[in-house]
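A.B. asks: Okay, here's what each chain looks like letter by letter:
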Amino acid sequence: MATITLKLNNKSHTVEADPKMPLLWAIRDLVGLTGTKYGCGIAQCGACTVHLEGVPVRSCSIPVATAANKNITTIEGLSPDNSTAVQRAWILEQVPQCGYCQSGQIMAASALLKRNANPTDKDIDAAMQGHICRCGTYPRIRKAIKTAAQLMTQK
Amino acid sequence: METTTKNLSRRNFIKLSGLTGTALTLGFSFSASAKEQTIWNAATTESSGVELNAWISIDTAGKVTLLNHRSEMGQGSYQSVPQMIAEELEVALDKVNIIFAPGNGRKYGSQITGGSSTIRGSYKKLLRLGATAREMLIEVAAKKWSVNKSECYAENGEVIHRASGKKMHYGELVADAAKLDAPKEVVLKNPKDYKLICKPLPRQDTPIKVNGKAVFGLDFKLPGMLYAVVERSPRFQGKVVKFDDAETRKVPGVKHVLKVTRDEFGNMREGVAVVADNTWAAMQGRKLLKIEWDDAAFAHHSTEELYTKMREQVKGDVISYRTMGNTVTAFAKAEKKVEATYETPYESHSCMEPLNCVASVTDDKIEIWGPIQGPDWIQQNICGHFKLPPEKVIVNMTFLGGGFGRKAFTDYPYEAVLISKEIKAPVQVIWTREDDMTIGPFRPGMVYQCKGSVTERGRIGSYEAKLAGQNMDMQNPGADKTNYNRSATEGFLDGYFETIPHYNFGDSPLESPVPVMWWRSVYSSTNAFAFESFLDELAAKAEKDPMDFRRQHLSERYHLLMDKLEQVSGWKSRTKNTGFGVAITECFSSIVGEVVKVSKNADGKIKIDKVWAVIDCGWYVNPDIIKAQVEGSIVMALGAATKHETTFKDGKAVERNFDAYKMPRIQDIPEIEVHIMDNDEKAGGVGEPGLPPFTPALTNAIFDLTGVRIRKLPFSLDKIV
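These protein sequence lines are chains A and B, in that order. Per the numbering used here, residue 1 is the first one in the first sequence, and the count goes up by one each step. Per the numbering used here, residue 1001 is the first one in the second sequence, and the count goes up by one each step.
To be clear, the hints were calculated from the coordinates, so they are not data collected in a lab. Where hints are given, some of them may not hold.
Said to hold, decoys possible - Once the Cα atoms are required to be at most 20 Å apart in a straight line, the calculated DMTMM-like pairs of lysine to aspartate or glutamate come out as:
#1 A:Lys146 - B:Asp1668
#2 A:Lys20 - B:Asp1277
#3 B:Lys1255 - A:Glu16
#4 A:Lys143 - B:Asp1668
#5 B:Lys1607 - A:Asp125
#6 B:Lys1607 - A:Asp121
#7 A:Lys122 - B:Glu1312
#8 B:Lys1643 - A:Asp125
#9 A:Lys143 - B:Asp1609
#10 B:Lys1712 - B:Glu1312
Unchecked claim - Not close to chain A: a few residues of chain B, all C-beta gaps over 10 Å, as computed:
#11 Lys1107
#12 Ser1110
#13 Ala1175
#14 Pro1183
#15 Val1215
#16 Thr1261
#17 Ile1720
Every residue gets a Cβ at the ideal spot worked out from N, C-alpha and C, and that includes glycine.
With the hints as constraints, model all of the structure from the sequences given.
C.D. replies: This is the structure:
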């Protein structure tokens, strides 16, 4: 067991954890932020995606010790009021059905649009192919990413 | 934590209908911008509340709370149920609270969210409930103003006196309204006056599903709650002989290790639970368990053995379910005939939210929270097992991260209750992805043998379909295995039965230890592949256009749908280098036709260019949700057709996670265009009927392009020559 400081959404949390515990479970069970989801535990589905120093990563496959003292953003840290372009686009296009995978989808889309303000279909495929949606919201995810790109230019 | 538990004060909340005296309900209360979500506790407040009716309550400030008695697993009941009630109640949807009703079949009727039944099963009742409440509120206002009721109307949460413009909001009227007898007859609105119904209103749950605030089962926490994972027999019916937990107990955080059982269709399955103060510790402890299993009592089947049996069985006698004329002699005498065998795989539901359930068992009651498709059913099941009356068993629904039939099953809540009872603490039982994918129940694998003939005039002369596969209704000990499968014709259009002179549909149930269960669109999800592929084969034998071939057997309602499908897909102007396939199925009282267009890419591989779907679900509520459900159904069908299957080896499921069970991903999805028929028919299902026609429409399109008939699923689009 180790004492680890997690910088989550610009707030410090100290947790007592097995250093090998995946970041996902530290965020969910020890800090209590449940927007980040467990889907597969082997980095195949993307439901657990968070930003580590701005880069989207699979929190189910990163030991909590590796993330200590680094800036982590979860879905809860994206905006306090659904005001980011991606969240607005997700609402405009009515993307979610069950909604369980959408935290991960949104974190991936946000990271994509940060580095590429006008992604092509191929760019979208490349950035989003690690994310499974069993409800099949993929056509709307694609549309919403394009809508978000437009919303960003209107600012 | 964004969620807090707090007592509702009676002052703020006159009536929380549908809750018994000790109910603890899980509700989602959020402002229009969805910044807040509250889980509230009505336990101590609900006893002498004023009641408008079971679904509707209004506080003194005029805040309306509507109950959703069905589960929300993505299909949209959280939107469509309130959208219906709010229409007749005359309130704006973005101003109402929506909460999930607890399990209570006596109060709400069936709550099992399956068979695409939420709207079609309750719309008339819910519209009437909304209208009844509205009329009671108007009556009170009219009395207060001493005017005739007919001079008043309701709008946007207020009653208005037409002549004077006087207004009172519902909060000022509700207390008196609740004292009135409900009127026996109410006039429902004319559909042309609908303000909410038939409108593509944005879903009320979207804002909390884009910021992590929606509470799914896995997100629900209670003070002092522990986390459990269970090592269940890797073979389907294994029993625990003994286990050694010495190493497990050394893992920091592990609190308890215990043998547990799970109710699977009345058969008690066994496992060993590891309970810890966090999920990860429980998972680590579980890895160190040493369990000796006795799994000698049943056959350790493989996929090969199961299908060998089914292929034999369809050649023999079946138990006829629906039959007309004599298919044997008609087939024997016919000159133009076709015979084909189709096979569909076992599938896992693989909801993105793996199974889980929170249970808290105390001396006087049992409470459950979780992603649950049938809260009333689970209440009955738990009452039976633990010998408690319904008021002592409270079953609360969270949001469901997918359901697809799996979460209607009672096994996982039972297991959570058992563990909480043993350890005397609230517990969340979490199924890992591997547990979720390997334990079952699964969609049953099926083999179909079809024989049919066409007449000289190019019509269907005879149609015989024999099914072999596990019957989902015959898994309980003592099930009558001589009975036919009532679902043997599911997926086949009703209209054909009126015009085909000789037909016979029957099944030969397969005996297997593999547990099976409803999977989105149930038998239609596999039957339709066989039935609609075979229709296409008959059309080819008759040398007729597949659309025209079907049309000559069907009546006007189907014709209108087919006309629309032809028009939007450009069916008649299709060109040589493309393949077009059609399939039309009926499922849960809705008819869906789909056309798939395929072509070859530069490498000569098949690609799906586009899918057109036309759904006739009669009376409907929210066209955008309907479109979303059809899109999602097509994606799910695409996966089962071309990506994944569950296979078995030595009595165990082989595919354990998404590395082996390959899901469709964003780059696999073609453009999908959905159209909805407008008519005066009764409401049909929406969540499932879009799934069955996709696969046969795809394989029929591939035949159109390449001449290759695909009769076994799944197949790889990359491997068709």
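A.B. asks: Run through the hints listed earlier and report the numbers of any the structure violates, in increasing order.
C.D. replies: Violated hints (numbers, rising): 7, 15; every other hint is consistent with the structure.
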